[in-house]
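Protein sequence lines correspond, in order, to chains A and B.
For the first sequence, my numbering begins at 1 and goes up steadily by one.
For the second sequence, my numbering begins at 1 and goes up steadily by one.
Quick caveat, the hints were computed from the structure, so don't treat them as lab data.
From a predicted model like this one, the values you see are computed outputs, not experimental measurements.
Careful, some of the hints might be misleading.
Stated by the list, open to error - Under the rule of at most 27 angstroms between Cα atoms (straight-line distance), these lysine-lysine pairs were calculated in the DSS-like manner: (1) A/332 with B/99; (2) B/122 with A/390; (3) A/3 with B/7; (4) B/77 with A/390.
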Amino acid sequence: MRKVYLDHAANNPLLPEVREAMLPYLEDVFGNPSSLHDWGDPAREAVEKARERIANLIGAADPEEIIFTANGTESNNFAIKGLALAQQNKGKHIIISAIEHFSVMNSARTLEKMGFDLTLVPVDKFGVVNPEDVRKSIRPDTILVSIMHANGEVGTIEPIQAIAQITRERKVVFHTDAVATCGVIPVNIKELGVDALSLAGNQFYGPKGSGALWVRRGVRIIPLLDGGIQEGGRRAGTEDVPAIVGMGKAAEIAAKEITVRMQKMIPLRDQLLTQLPATVGHVVVTGHLLNRLPGLASFCVEFIEGESMLMLLNSQGIAVSSGSSCTSRALKASHVLIAMGLSHEIAQGSILFTLGLENETSDIEYVLEAMPSIVDRLRQMSPLYSKFIKAGKGGQ
Amino acid sequence: MPVYSDKVMDHFMHPRNVGEIENPDGVGEVGNPVCGDMMTFYIKVKDHRLEDIKFKTFGCGAAIAVSSMVSEMAMGKSIEEAQKITPELVARELEGLPKQKFHCSNLGAQALNKAIDDYLLKQGKLKADASKGCPFCDADEQESPICAPCRAGQETEENKK
Chain A
1 MRKVYLDHAA NNPLLPEVRE AMLPYLEDVF GNPSSLHDWG DPAREAVEKA
51 RERIANLIGA ADPEEIIFTA NGTESNNFAI KGLALAQQNK GKHIIISAIE
101 HFSVMNSART LEKMGFDLTL VPVDKFGVVN PEDVRKSIRP DTILVSIMHA
151 NGEVGTIEPI QAIAQITRER KVVFHTDAVA TCGVIPVNIK ELGVDALSLA
201 GNQFYGPKGS GALWVRRGVR IIPLLDGGIQ EGGRRAGTED VPAIVGMGKA
251 AEIAAKEITV RMQKMIPLRD QLLTQLPATV GHVVVTGHLL NRLPGLASFC
301 VEFIEGESML MLLNSQGIAV SSGSSCTSRA LKASHVLIAM GLSHEIAQGS
351 ILFTLGLENE TSDIEYVLEA MPSIVDRLRQ MSPLYSKFIK AGKGGQ
Chain B
1 MPVYSDKVMD HFMHPRNVGE IENPDGVGEV GNPVCGDMMT FYIKVKDHRL
51 EDIKFKTFGC GAAIAVSSMV SEMAMGKSIE EAQKITPELV ARELEGLPKQ
101 KFHCSNLGAQ ALNKAIDDYL LKQGKLKADA SKGCPFCDAD EQESPICAPC
151 RAGQETEENK K
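Kindly generate the complete structure, drawing on both the sequences and the hints.
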């Protein structure tokens, strides 16, 4: 059976060059980067080389501003909790958007339980934050704003530059979760104007277990992990050298290939975005139509539920994901889709295709061929669909 | 390791008794799209036995497999036998359901029972109100959005806020 992986937002495969780069650090070069002998030296050099490559990927002049973490979730936890706790003598008000990843959302909720005040700025129906809403939410005691660079579920890219102008005027620290964008679209901290930025290696063909947080020099942050003096005393614990090296290599390649990758993926994405609604009917494209991630096509298919669609696609060798209640452990419909004003009923039909380097036009054609019969099969089973038909609103 | 048992996958991929019955003797609908699963059962009764059962389900793989399994378990049974089908029995027949799916998606037995109650009501064999109970547990709670004993529906209510 043909296999088509369209769940790159969940994880990307390792590039062969990345794997090669990692291997020595899983084998001979096993020393601890903190050790001051011949075993520690090459490990430390490799970590610092990777730090330079990550800094280069996001346009940071000073590699020491990069702190390695274990994943995007840790980077976001570190940013939200660490930046807020470092400034709590100035105030206790935090602003995030209503569509942040759970690692930002739940970190902010934890701070709320500790006595911080939280404001969620809304998004429009395309998932876009209005910078003016951020401006209106800023109070004298606001110490941190965190708005994601792009949403990994609907692909919408947020107006980070415009928000950064406001936070700079008001002298509030601004963090962006760039896990969905770093290594995927050009990301430059100077152009964005942010003070801190999260990224994860597995989003750009590096290994799982690799992440980083960039924090502008001079911005204070309290460590999440206390211990030794690794990462400039900001993140204690022996470094995961192979993962860091792998992420560094992946960053080096991404920095070179980013435009070519985008040019390859955008037509495939647009093929899905335009043709799926046309072939299936009663399909809503979610997210912004133009300002969106190059490899992300997201939809809500009416009258049916996402997990059953996912399972039937899997039975035909196609891997996708969904934001329906059933696919989430929390058994709640996606907070992103609900924040965009979609009804729970529509949000349950969420389906997400995320493209990668290995995908070809024929993969998209295969999906477009498989989808109509899958959707039809589930609609024939759906009480919502028969109600819709009986209500005389017409068929397809 | 797959999330679902082979039995669940079999019923999901090849659901039995999907459809509607024209002029059914009883109809039962449970769940709502907010929590993700919704089932409608249709029954035809002859000589106090379930002569035909059909269902329509909006929901995840587990919800579809549960509906199919319930229809198969109850087919041809007497009313009393069919009423004894519980969510636990359905889950056992399906060789288990993932923990988080048990409450949310295992509504088939309730939907069938609701269809049976509907039939009994029409026959005058059941007084009104008796069919009202929590679809998630055995409590005879009124059909408020939140069942007090098991707190089912609470998450959904929170979602609306």
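Here is what the structure says about each hint:
1. In summary, the hint linking residue 332 of chain A to residue 99 of chain B is supported, as the alpha carbons are separated by about 15 angstroms, within the 27 angstroms threshold.
2. Taken as a hint, the residue 122 of chain B and residue 390 of chain A pair is honoured in the structure, with Cα atoms around 24 angstroms apart against an allowance of 27 angstroms.
3. Among the hinted pairs, residue 3 of chain A with residue 7 of chain B is consistent with the structure: their alpha-carbon atoms are about 24 angstroms apart, no more than 27 angstroms.
4. A C-alpha spacing of about 31 angstroms is found between residue 77 of chain B and residue 390 of chain A, which places the hinted pair above 27 angstroms, so the restraint is violated.
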